[in-house]
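Asker: Here is what each chain is made of, one letter per residue.
Protein chains: 2
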Amino acid sequence: MEFSSKLLENAVNEMSQLPGIGKRTALRLVLHLLRQPGQQTALLAESLQKMREEINFCKSCHNISDTQLCEICANPNRNEKIVCVVEDVRDVMAIENTSQYKGHYHVLGGKISPMDGIGPGELTIQSLVEKVKEGTVEELIFALSSTMEGDTTNFYIFKQIEEYDITTTTIARGISVGDELEYADEVTLGRSILHRVPFENSLKN
Amino acid sequence: MEFSSKLLENAVNEMSQLPGIGKRTALRLVLHLLRQPGQQTALLAESLQKMREEINFCKSCHNISDTQLCEICANPNRNEKIVCVVEDVRDVMAIENTSQYKGHYHVLGGKISPMDGIGPGELTIQSLVEKVKEGTVEELIFALSSTMEGDTTNFYIFKQIEEYDITTTTIARGISVGDELEYADEVTLGRSILHRVPFENSLKN
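Line by line, the protein sequences are chains A and B.
All the letters of the first sequence, read from the start, carry residue numbers 0 to 204 under numbering that gives the first Met the number 0.
All the letters of the second sequence, read from the start, carry residue numbers 0 to 204 under numbering that gives the first Met the number 0.
Honestly, the hints are just simulated from the structure, not real lab data.
Some hints could be false.
Unchecked claim - In silico BS3-like links for lysine-lysine, alpha-carbon gap of 27 Å or less:
no., chain 1, residue 1, chain 2, residue 2
1, A, Lys158, A, Lys203
2, A, Lys49, B, Lys22
3, B, Lys49, A, Lys5
4, B, Lys49, A, Lys22
5, A, Lys101, B, Lys5
6, A, Lys22, B, Lys101
Given the sequences, and given the hints that come with them, work out the whole structure.
Answerer: As structure tokens, then:
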């Protein structure tokens with residue numbers, strides 16, 4: 000792409016560094032900003048920079064937070080004995096949206112993935128092990144996505160905490176509510192039959 | 000969406016103002032920036048702001064340019080007697096990529112679109128009419144997209160310059176090179192038959 004302006008080119012190049020945004024999309028976004036009042040670009044630039052510089056992580060669960068201890072960890076009504084292990088803040092938001100969970104979280108910050116150069120040291124696993132060692136945790140719920148990386152991470156953590164006397168569970172895998180059986184993949188359908196629950200339980204929610 | 004941090008929320012909200020970027024995509028992009036070195040966010044923010052504040056438009060053709068007169072208008076090897084009327088900088092880039100055109104451009108900055116509140120006054124039509132009035136232009140090529148808005152804009156400009164003695168042309172509409180006839184829409188196919196060209200001409204390129 001040949002640009003008529005260096006300023007435009009730089010903006011497009013930086014924009015296209017974002018995942019899923021190619022040069023053409025970046026150009027479209029940048030031209031959109033040019034047509035909008037300058038205020039909008041200023042707000043975007045400032046909010047991104049402010050976020051990147053001042054963002055803080057909860058010292059207990061490692062979730063993104065503006066305070067030292069996030070709202071969930073600081074809430075006395077939540078059960079600190081149950082800890083749900085998730086990949087990132089999006090998973091916390093998704094689970095919070097269900098209003099079904101009243102325990103704490105532990106945000107790993109990713110999954111073990113040697114292909115992407117992410118080893119256990121890059122994640123907050125050590126801090127989770129410390130938390131278990133302290134003895135307050137009674138149940139650890141693994142809620143990572145069920146991919147190779149997710150399973151590896153689950154297993155790695157499980158091995159680290161095996162010696163301590165706590166319950167470890169994983170979220171249920173099965174057919175999504177509203178899904179047609181015939182379109183479900185075999186692994187999911189197989190697990191949903193193996194881990195069937197008493198019919199009365201399914202009526203509760 | 001409930002965010003655990005105001006900083007994160009602001010960044011996501013500003014990001015999702017961009018066209019085609021919803022809240023979820025914005026969150027994904029922002030979290031990506033958080034995982035990358037702070038330098039990347041700083042560069043993105045700075046390049047956007049610098050571009051928005053310092054961008055300059057060629058005083059002759061209104062294309063984005065870092066200089067008062069853009070490279071094309073300032074190039075003595077280009078024919079200023081032929082002016083191609085386009086919507087925005089992307090069209091200039093697309094036509095320049097073909098290496099087939101050696102005339103000047105005139106960037107309108109949009110199309111007349113009452114639905115979006117864009118009237119002739121918002122575009123650089125007046126400046127184009129002035130250019131024609133000065134008498135250097137011999138041919139005006141309309142290269143707007145063939146939509147209702149494009150056709151309206153073409154016609155509006157045509158009416159403004161009708162009295163002057165210049166040639167007005169539009170780019171050829173027809174079947175794309177490599178396209179199958181059976182999949183072409185009727186309007187395009189119809190025009191490609193009406194505006195057929197001598198076979199020898201098609202061998203030249």
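Asker: Against this structure, judge whether each hint is valid.
Answerer: Results of checking the hints against the structure:
{"no.": "1", "hint": "A:Lys158 with A:Lys203", "verdict": "violated, 34 Å"}
{"no.": "2", "hint": "A:Lys49 with B:Lys22", "verdict": "holds, 19 Å"}
{"no.": "3", "hint": "B:Lys49 with A:Lys5", "verdict": "holds, 11 Å"}
{"no.": "4", "hint": "B:Lys49 with A:Lys22", "verdict": "holds, 19 Å"}
{"no.": "5", "hint": "A:Lys101 with B:Lys5", "verdict": "holds, 22 Å"}
{"no.": "6", "hint": "A:Lys22 with B:Lys101", "verdict": "holds, 26 Å"}
Hint violations for this structure: number 1 only, all remaining hints satisfied.
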